[in-house]
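Sequences listed follow chains A and B, in order.
Take 1 as the starting number for the first sequence in the working numbering and just add one per residue.
Take 1 as the starting number for the second sequence in the working numbering and just add one per residue.
These are calculated hints, taken from the structure and not from any lab test.
It should be emphasised that the depicted structure is a prediction, and the values quoted were computed from it without experimental measurement.
Careful: at least some of the hints might be erroneous.
To be verified - From the structure, some residues in chain B lie toward chain A, with a derived Cβ separation under 7 Å:
#1 Gly29
#2 Ser33
#3 Ala50
#4 Gly53
#5 Ala54
#6 Asp69
Where a beta carbon is used, it is the ideal one built from N, C-alpha and C, also for glycine.
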Amino acid sequence: MLSVLPKHEVHYLDEIDNYNFTEKQSAKLGKIMGYGSQRIAEDGTTVSDLCVFGMNYLFKKDLLDKESIGAVVLCTQSPDYFLPATSNVISGRLALGQDVISMDINQGCAGFEVGLMQAFMLLNTGSIDKVVLLNADVLSKKVSLKDRNSRPLVGDGATITIIENSTDDEEIDMFIKMDGSSALSLQIPAGGFKLPSTPQTGVLTEDESGNFRSLDHLIMKGDEVFNFVQTKVPEMIQEMFDTLKIDKSYFDYYLFHQPNKFMLEKLAQKMKIPYEKMPNNISQKYGNGSSITVPLNVCENIGEKALNNSYKVCFGGFGVGLTWSIIKWKLEKLDFCEIINY
Amino acid sequence: MKEKVITILTEIRPEFDFNTETDGFVSKGMLDSFDIISIVSDIEESFNIAIDGAQILPENFDSIQALVDLINKSNS
Numbered sequence: 001m002l003s004v005l006p007k008h009e010v011h012y013l014d015e016i017d018n019y020n021f022t023e024k025q026s027a028k029l030g031k032i033m034g035y036g037s038q039r040i041a042e043d044g045t046t047v048s049d050l051c052v053f054g055m056n057y058l059f060k061k062d063l064l065d066k067e068s069i070g071a072v073v074l075c076t077q078s079p080d081y082f083l084p085a086t087s088n089v090i091s092g093r094l095a096l097g098q099d100v101i102s103m104d105i106n107q108g109c110a111g112f113e114v115g116l117m118q119a120f121m122l123l124n125t126g127s128i129d130k131v132v133l134l135n136a137d138v139l140s141k142k143v144s145l146k147d148r149n150s151r152p153l154v155g156d157g158a159t160i161t162i163i164e165n166s167t168d169d170e171e172i173d174m175f176i177k178m179d180g181s182s183a184l185s186l187q188i189p190a191g192g193f194k195l196p197s198t199p200q201t202g203v204l205t206e207d208e209s210g211n212f213r214s215l216d217h218l219i220m221k222g223d224e225v226f227n228f229v230q231t232k233v234p235e236m237i238q239e240m241f242d243t244l245k246i247d248k249s250y251f252d253y254y255l256f257h258q259p260n261k262f263m264l265e266k267l268a269q270k271m272k273i274p275y276e277k278m279p280n281n282i283s284q285k286y287g288n289g290s291s292i293t294v295p296l297n298v299c300e301n302i303g304e305k306a307l308n309n310s311y312k313v314c315f316g317g318f319g320v321g322l323t324w325s326i327i328k329w330k331l332e333k334l335d336f337c338e339i340i341n342y
Numbered sequence: 001m002k003e004k005v006i007t008i009l010t011e012i013r014p015e016f017d018f019n020t021e022t023d024g025f026v027s028k029g030m031l032d033s034f035d036i037i038s039i040v041s042d043i044e045e046s047f048n049i050a051i052d053g054a055q056i057l058p059e060n061f062d063s064i065q066a067l068v069d070l071i072n073k074s075n076s
């Protein structure tokens with residue numbers, strides 16, 4: 001696994017003057033939510049830039065043989081273009097062979113798990129031995145600087161996960177659910193074919209809480225999303241325990257998507273999972289980078305140890321869609337696991 | 001308990017008099033979702049309890065009585 005993060009860092013406290021709230025209110029909220037630093041891509045930096053940079057790093061370090069790649073799966077919500085698929089652009093920029101299948105998946109905070117599902121299916125075809133799963137977003141470009149609901153949370157970056165079949169016969173179990181009836185709880189209203197961007201969709205308006213954003217920006221119904229996570233994720237974990245006849249002590253780590261400190265603390269509390277088994281430092285340190293947070297969590301929190309040890313991990317993601325997913329995985333020793341700056 | 005709740009609410013939203021305005025906090029737009037998070041944090045600290053994340057619903061923060069009920073439920 002490799003994480004690629006933009007060098008550019010912003011700090012919540014430096015931006016609180018942008019928000020329509022008192023400094024005291026914003027500072028208090030920042031403490032509760034764990035707002036700290038975020039990695040934000042410079043203007044003009046795209047998802048393909050971050051992915052190509054990371055892939056070239058792997059080639060240069062002899063960590064990945066270009067000829068061994070059978071498929072490239074990119075999970076992003078901020079593609080370079082409407083069309084073609086950004087994975088095709090990446091394949092082209094890397095001069096990958098014509099036998100390499102590439103495809104994009106539009107998923108957010110559960111995108112690591114959904115991407116893994118796709119990677120496993122490709123490996124199961126028998127004709128592909130190695131899948132490159134790219135998770136990448138530069139979603140900060142679609143978040144209003146004056147939106148205290150979303151701006152302090154967002155982060156940009158990419159992760160690269162190389163997946164291949166192993167000789168270990170340990171099963172990987174995956175649970176994924178989606179609720180399209182709540183699809184618009186997290187959305188960017190304008191910019192697609194339903195509502196093309198116009199000068200009017202770019203006009204900032206104030207919501208009832210004092211945030212300013214336009215229809216071109218990300219809109220999150222925070223209370224709905226929060227309640228969905230607190231209700232659905234513990235239910236799914238319990239379903240996994242019941243189905244697989246295991247309990248919470250089975251796992252060495254719960255490596256979950258990290259939207260903010262408060263939400264993850266509440267999840268850990270509800271499921272009675274010790275904080276040391278569920279790291280909660282990614283959103284504070286790097287921001288919430290959608291589908292990159294789980295693999296970044298691995299690199300940041302167990303990266304070095306995972307080079308020499310095998311761990312039973314529970315991956316969990318939840319967000320746009322709405323989508324929620326968990327994976328039970330005995331993670332074998334990793335060949336590489338690091339974080340680099342772009 | 002009610003007095004403590006009023007003190008917490010007043011600290012977060014000093015522009016309202018929670019002695020006279022005792023309900024409709026969320027439905028009338030006096031509190032937003034981020035105020036609710038601050039209230040959860042303050043209540044947990046003041047009453048030494050943990051509020052279940054699934055109970056963080058607008059209706060449980062809409063009145064003084066709803067908040068008192070939430071605290072009692074979280075305490076049991």
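Checked hints:
1. Here the hint on Gly29(B) is kept, as its CB sits about 5 Å from the closest CB of chain A, short of 7 Å.
2. The criterion of a C-beta within 7 Å of any C-beta in chain A is met by Ser33(B), whose closest approach is roughly 4 Å, and the hint holds.
3. Hint status for Ala50(B): holds, given a least beta-carbon distance of 5 Å to chain A, under 7 Å.
4. Nearest Cβ of chain A to the Cβ of Gly53(B): about 3 Å, under the 7 Å cut. The hint holds.
5. A cut of 7 Å between beta carbons decides the hint on Ala54(B): the least distance to chain A is about 5 Å, and the hint holds.
6. Annotation: interface hint on Asp69(B) violated; nearest CB of chain A at approximately 18 Å, more than 7 Å.
In the structure shown, a violation is registered for the earlier hint numbered 6 alone.
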